[in-house]
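Asks: What follows is each chain in one-letter form.
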Amino acid sequence: MDFVEINKRVEVITRFASRGDPAYLVMPAKMKYKGEEIIFTELGLRHPTTKGRRMIHVFDMSDGTNDYRLEFDAEMLTWTLITIMGSQQ
Amino acid sequence: MKAQRAQNIKWGHLPISKEEPQIMHIDLNSAFAMTEQQARPLLRGRPVGMANRLSKNCCIIAASYEAKSKGVRVGMGLVEARKLAPDLVLLETDPPKYLYVHQKLAQIMKSYSPNVKMKSIDEGLIDFHGTRNVINPRSLSEIALEIKARLKAELGNWIKVNIGIAPNRFLAKTAAGLNKPDGLDTIRYSNLQQIYSELKLTDLSGIARNYEARLNSARIFTPLDFLNTSADVLRHQVFHSVAAEEWYQRLRGYEVDDEPTNLGQVGRQFALDKSTHEEQELLPRFHYLCETTGKKLRYNGMDARSIVVWMGFQSGGGWKIRRTWNTSFYTDKEIYYRALRLFRQRPSHMKLTIMAIT
Numbered sequence: 524m525d526f527v528e529i530n531k532r533v534e535v536i537t538r539f540a541s542r543g544d545p546a547y548l549v550m551p552a553k554m555k556y557k558g559e560e561i562i563f564t565e566l567g568l569r570h571p572t573t574k575g576r577r578m579i580h581v582f583d584m585s586d587g588t589n590d591y592r593l594e595f596d597a598e599m600l601t602w603t604l605i606t607i608m609g610s611q612q
Numbered sequence: 105m106k107a108q109r110a111q112n113i114k115w116g117h118l119p120i121s122k123e124e125p126q127i128m129h130i131d132l133n134s135a136f137a138m139t140e141q142q143a144r145p146l147l148r149g150r151p152v153g154m155a156n157r158l159s160k161n162c163c164i165i166a167a168s169y170e171a172k173s174k175g176v177r178v179g180m181g182l183v184e185a186r187k188l189a190p191d192l193v194l195l196e197t198d199p200p201k202y203l204y205v206h207q208k209l210a211q212i213m214k215s216y217s218p219n220v221k222m223k224s225i226d227e228g229l230i231d232f233h234g235t236r237n238v239i240n241p242r243s244l245s246e247i248a249l250e251i252k253a254r255l256k257a258e259l260g261n262w263i264k265v266n267i268g269i270a271p272n273r274f275l276a277k278t279a280a281g282l283n284k285p286d287g288l289d290t291i292r293y294s295n296l297q298q299i300y301s302e303l304k305l306t307d308l309s310g311i312a313r314n315y316e317a318r319l320n321s322a323r324i325f326t327p328l329d330f331l332n333t334s335a336d337v338l339r340h341q342v343f344h345s346v347a348a349e350e351w352y353q354r355l356r357g358y359e360v361d362d363e364p365t366n367l368g369q370v371g372r373q374f375a376l377d378k379s380t381h382e383e384q385e386l387l388p389r390f391h392y393l394c395e396t397t398g399k400k401l402r403y404n405g406m407d408a409r410s411i412v413v414w415m416g417f418q419s420g421g422g423w424k425i426r427r428t429w430n431t432s433f434y435t436d437k438e439i440y441y442r443a444l445r446l447f448r449q450r451p452s453h454m455k456l457t458i459m460a461i462t
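As you go down the protein sequences, you meet chains C and V in turn. The end of the first sequence is residue 612 by this note's numbering, with every number in the run present. The end of the second sequence is residue 462 by this note's numbering, with every number in the run present.
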């Protein structure tokens, strides 16, 4: 199992649902990384954490091939791709 | 009621409790590893081991069921674990993730009763006494299934819990351990002896190898033998303390574990990424240990009067020193300087693999 640290800002398209389980109301739908569009198929887990005083929402996503850890900085309004786990980076 | 029970214990007549089960013990299965498998779908079905820090000397602090089925155990070194499971995926722990799962579990549990006690980050119990007529008229098995479903809905499908229902805390925990993973079992008056007949002494929470040896020396070899032994024999031949009467009641389904407990000590340990005896390499790590222990101490609203410094050597064996002071302390600086004086008394030529402070 390959595990690569990326730590780079990425473009993300997010889906905001109007109803449903609070755990799935906000979910990244697509990400652009290295010129390629990655379509997420599953939200593994979302959990909040902090970096200093900044609120961060961590999304563990999967596209069926790789697992991605994305962090949304709620103060700076940025998306950062932290790691990719899988066999096809 | 208590006086009557004490009298019955004295005369060895205490019957098995016929009280309706009202305690529910909930235990997340292999919590850290399972949470990682929920977060990262690629890990599902694979042996996963968790370590506080990734290094070749690290030890496994949690393992997935797939890893456990290959013989990987908590506390095992990485080298040994890799021999048993060459495809083991080793991950560093991610505490905020587990804290979130813990908070979700606690939130769900608190929606059923005001009497909820979280025993640790991955287990807790609900006391349903006084809530059955008003809030929870359904059967506890039905409520347990609903809790499992809510956890899956709010956290994900891979999240599984063991739930045990019984008249007291000890039996509820025992029930939760009967059918892992994803179990749901009830121990009551009618099946208590049947369940004891299928268990070993060490399957009982609180009975490890030392107590097992003491019980064996009094010719108690199974939980059923334990149940059928009088309080008098337990006191004079096994426990030599009030623990005998407590076990006598606990095994029969009476509650003796609802007393609040006080935290007596806090500590941290650090597995070194490279064995060394060089003080300049050890000191920054030792300072980190003292800082994090101090943080834990203050978080719990405590202060300290004693310090124990412990270390394990590359060549095997270990060394430990303890000192108690007349005055208490709690700042990082005081902890570090006091601990450092103890640390410097170590056999300085020995290479360390692990160090700890309590």
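Misleading hints may appear alongside valid ones.
[What the hints assert, rightly or not] Here are the computed lysine-lysine pairs in the BS3-like style, where the Cα-Cα straight-line distance is at most 30 Å:
(1) Lys-208/V x Lys-284/V
(2) Lys-574/C x Lys-223/V
(3) Lys-256/V x Lys-553/C
(4) Lys-214/V x Lys-160/V
(5) Lys-574/C x Lys-160/V
(6) Lys-400/V x Lys-455/V
(7) Lys-531/C x Lys-557/C
(8) Lys-574/C x Lys-437/V
(9) Lys-208/V x Lys-553/C
(10) Lys-256/V x Lys-574/C
(11) Lys-187/V x Lys-214/V
(12) Lys-574/C x Lys-400/V
(13) Lys-455/V x Lys-223/V
(14) Lys-304/V x Lys-574/C
(15) Lys-399/V x Lys-574/C
(16) Lys-531/C x Lys-160/V
(17) Lys-574/C x Lys-214/V
(18) Lys-122/V x Lys-172/V
Hints in this document: simulated from the structure, not taken from any laboratory. Keep in mind it's a predicted model, so treat the numbers as computed, not measured.
Asks: Against each hint, give a clear statement of whether it holds in the structure.
Replies: Here's how the hints hold up against the structure:
no. : hint                  : result
1   : Lys-208/V x Lys-284/V : holds (21 Å)
2   : Lys-574/C x Lys-223/V : holds (28 Å)
3   : Lys-256/V x Lys-553/C : holds (25 Å)
4   : Lys-214/V x Lys-160/V : violated (41 Å)
5   : Lys-574/C x Lys-160/V : holds (29 Å)
6   : Lys-400/V x Lys-455/V : holds (28 Å)
7   : Lys-531/C x Lys-557/C : holds (10 Å)
8   : Lys-574/C x Lys-437/V : holds (25 Å)
9   : Lys-208/V x Lys-553/C : holds (27 Å)
10  : Lys-256/V x Lys-574/C : holds (28 Å)
11  : Lys-187/V x Lys-214/V : violated (43 Å)
12  : Lys-574/C x Lys-400/V : holds (19 Å)
13  : Lys-455/V x Lys-223/V : violated (37 Å)
14  : Lys-304/V x Lys-574/C : violated (47 Å)
15  : Lys-399/V x Lys-574/C : holds (18 Å)
16  : Lys-531/C x Lys-160/V : holds (29 Å)
17  : Lys-574/C x Lys-214/V : holds (29 Å)
18  : Lys-122/V x Lys-172/V : violated (37 Å)
Violated hints for the displayed structure, listed by number in ascending order: 4, 11, 13, 14, 18.
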